[in-house]
Structure formats: structure tokens, C-alpha cells
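**Student:** Residue numbers (numbering that gives the first Met the number 0): 0 to 396.
No wet-lab data here; the hints were simulated from the structure.
For clarity, every value in this text was computed on a predicted model and none was experimentally measured.
Please note that the accuracy of each hint is not assured.
[To be verified] In the SDA-like style, the derived pairs of lysine to any residue whose C-alpha atoms are separated by at most 20 Å in a straight line are:
id, residue 1, residue 2
1, K67, D50
2, K279, L289
3, K43, R74
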Amino acid sequence: MQRLLYLFAILFYLTISAQEITILDVDTNEPIPNVAIYNLDRSKTALSDFDGKCDISLFSRKERITFKHLSYQIRKSTPSQIVRHDRRVYMTLKAEQLDEVVMSVSKWEQQKKDVPNKIAFIDAREIAFTNPQTSADLLQNSGKVFVQKSQLGGGSPMIRGFATNRLLMSVDGVRMNNAIFRGGNLQNVISIDPYTIKNTEIIFGPGSVIYGSDAIGGVMNFYTKNAEFSGSEDTSFTGDANYRYATANSENTVHFDFNLGRKEWAFLTSVSYNNFGDLKMGKNGPESYLRNNYVIRKNGSDQLVPNKNPREQKPTGYEQINLMQKIAYRPNNTWNYNLGLYYSETSDYSRYDRLIRPNSEDNGLRSSEWYYGPQQWFMGNLQLKKQGKGIFYDGLK
0 MQRLLYLFAI LFYLTISAQE ITILDVDTNE PIPNVAIYNL DRSKTALSDF DGKCDISLFS
60 RKERITFKHL SYQIRKSTPS QIVRHDRRVY MTLKAEQLDE VVMSVSKWEQ QKKDVPNKIA
120 FIDAREIAFT NPQTSADLLQ NSGKVFVQKS QLGGGSPMIR GFATNRLLMS VDGVRMNNAI
180 FRGGNLQNVI SIDPYTIKNT EIIFGPGSVI YGSDAIGGVM NFYTKNAEFS GSEDTSFTGD
240 ANYRYATANS ENTVHFDFNL GRKEWAFLTS VSYNNFGDLK MGKNGPESYL RNNYVIRKNG
300 SDQLVPNKNP REQKPTGYEQ INLMQKIAYR PNNTWNYNLG LYYSETSDYS RYDRLIRPNS
360 EDNGLRSSEW YYGPQQWFMG NLQLKKQGKG IFYDGLK
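Using the sequences plus the hints, can you model the full thing?
**Tutor:** Here is the structure:
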């Protein structure tokens, strides 16, 4: 008799628990309270509690029910379908409820309205509109950061009077520089391909608490595009190709990227090639910047030759190539693995202000060559992210 009672209690518990479902946010895996649940004629209704749980035993197995919340898109299903999906219902946030997401302050996603720090946000739409040649131009075009450029291949950001080893730059959360970098102006920001940037966040206050003493002047975080999943068993393929020509420096830029996505795997490849010619200054610029003559190497000696077009700053052109490969794996809605590989290389690029300095006799130039480079940058990172709460954490990264 005791065994029969025990068996009956187990069956009763399984029956009750099978009728209890959990409603979760599809992105954060957090429970959603106060979700209204009703049938077609609204004769039966239910409401989810603080933990997103709700008893749907009053609905029949094949009855179509609706899940409604003010901040989420309406979802419809049947109790039998929900039971097959482990008694969980995932809802998607409405587009008008989405705010800019900031990651720079705590290194976790936060709504911009919840962040007390002053942060400038440059999104993909603004980047596409300004169409910058380099990431240094991206920062300068925003009007939020002063960029020092003494040559076409330059670009040293400055925030509140701080520069180089007092500013921190990071790509996808991995720092590009630190406090032991040189104190003079540095142009390593041009190694970041603007075509791959999804958004940029600029912290104007000191970020020492989160990032260390090398972020005393501010932080510039560049977040690149991610590989996108198809969301189904079918394979999705998207791509983009661009060509740009600029008359100011005879720029020729070619870029293409493509994304291959499946339900659990996704791949993103990006390639950019820049060929910058000599920069031409405007007609109303100061005469002290004119390039009236320049030095060439002929028969084993330096020779000063006149410049046919003094507004053409010879030689300031350079070449650059940027490669990026992203591989993403998502076995379920909780875990996400992302591998990123980045490579950038430039040719030599001249420092123009040094090339136009006259010698002490004022009959020639002090320097025939003054250049930086070639500059190479390679980075790889592997990121693991777990959404949803655990026993000892609210999220894992």
C-alpha cells in the first residue's frame, strides 16, 4: 500500500510539473513576469509570476494560446508544443523597446540610459554615412575626439589633453596598447579596418577602475562585426562589396566581406585593400606647407628637383591591407563561442612636416626621407559567453 501511495505521488507531481511553464527572454534568458496568456475567445486567462512561471493546466493540449506583454512581441503556441520544447517559451523584445547597448563601463551589456558616465557612441549607420578612409578619420569625423595627423598615414587620438600611453584602445575587448607604450604620438589606430567596425564607444572620463592606470585619459573601444547564424537548418549567405575613389589623395580602396551562417555555426570573412596616393592640399592653404621641391636618389646621390604641382605633398602615399576572420559556434541558446583573427599591414608612410623643413643655409631641405613603418598588427581572441543565471553568477564571459 505504501508503494502505491509513493507511486501515485510521483505521477501526480509529474502531471502538475508538466503543466507549469517558464517564459524567458530570448536574448538574456531572463524570466519575464506579468505575461498575459489567453485562448482565442479569451474565456481562459493566466498570468506569469515574478519567476516567469505559469500554470497552463486550464488550457487543452491542442488549444492555441497567446502570450502577450507590453515590451515583447506577441507569441502564439499550443501546450503540446511547449511541452515538447522543455516547457519553455522564449519571447523577443519589441524594436521600440531596444536602446543603445553600452559595454565599455562594466564590460557587460548595459542600456545607455542606465550608465552614469559620459560616453560617445558611434554606430554602424554613422560610420557608413561618413565613410571614413581610416579609423583615425572615423574618430575625427565624430567631432568627439581630436586627432593629430602630421602625415597621411597618421592619426593619434587625443582626449582631454591625454594621448598615446594615457589613452586605452581596445578591439572587441582586447587592448591594443598599454602604459609602457611611447609617450609621443602614435598611429596604430589606423590598423583597425573601419569597414569591419560595428560600433565604437568612447569614454571621456578616467577608466582606471575597470581598465587600469593606462586608461587615465579615457577609453576607445572598437567592436567589430560578428558572424551571424541562420537561425534554422538552412544555410544563409550574405555579402557586401565596395569600391571607393577619392580625388584628394588618389585613393583606391577595395573591400568585400561575406557571411556564411547555419543554425549552430557561422563564418565571417572581411578583406580590405587601400592604395593611397600623394595628398593634395587645398588652394587656400598656407604657403609654408607647399612642396616646391623634393629629393630623389639619382646616380648614387641625392638631388633636389622642382615639384610640378607644389600643392601635391610628395611622397605621402602608402598601401594597407586588412584581413579579419570570425568563426562562431552556438550549440544552444545559452552558450556562445567566438573566435576572431585580425591582421593589418601597411607600407612605409612619410612624415610630411619633416620633409619640408629647410636646411640651415636655406638652399635645400634638411631631410630627404623621414618615414614610419611598415606597421604590422596581428591579434587573435577566443571568447566564451553563457547567458542566463547560474548558482553563483548572473552571466558568464
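**Student:** Would you pick out the hints that fail for this structure and give their numbers low to high?
**Tutor:** Every hint satisfied by this model.
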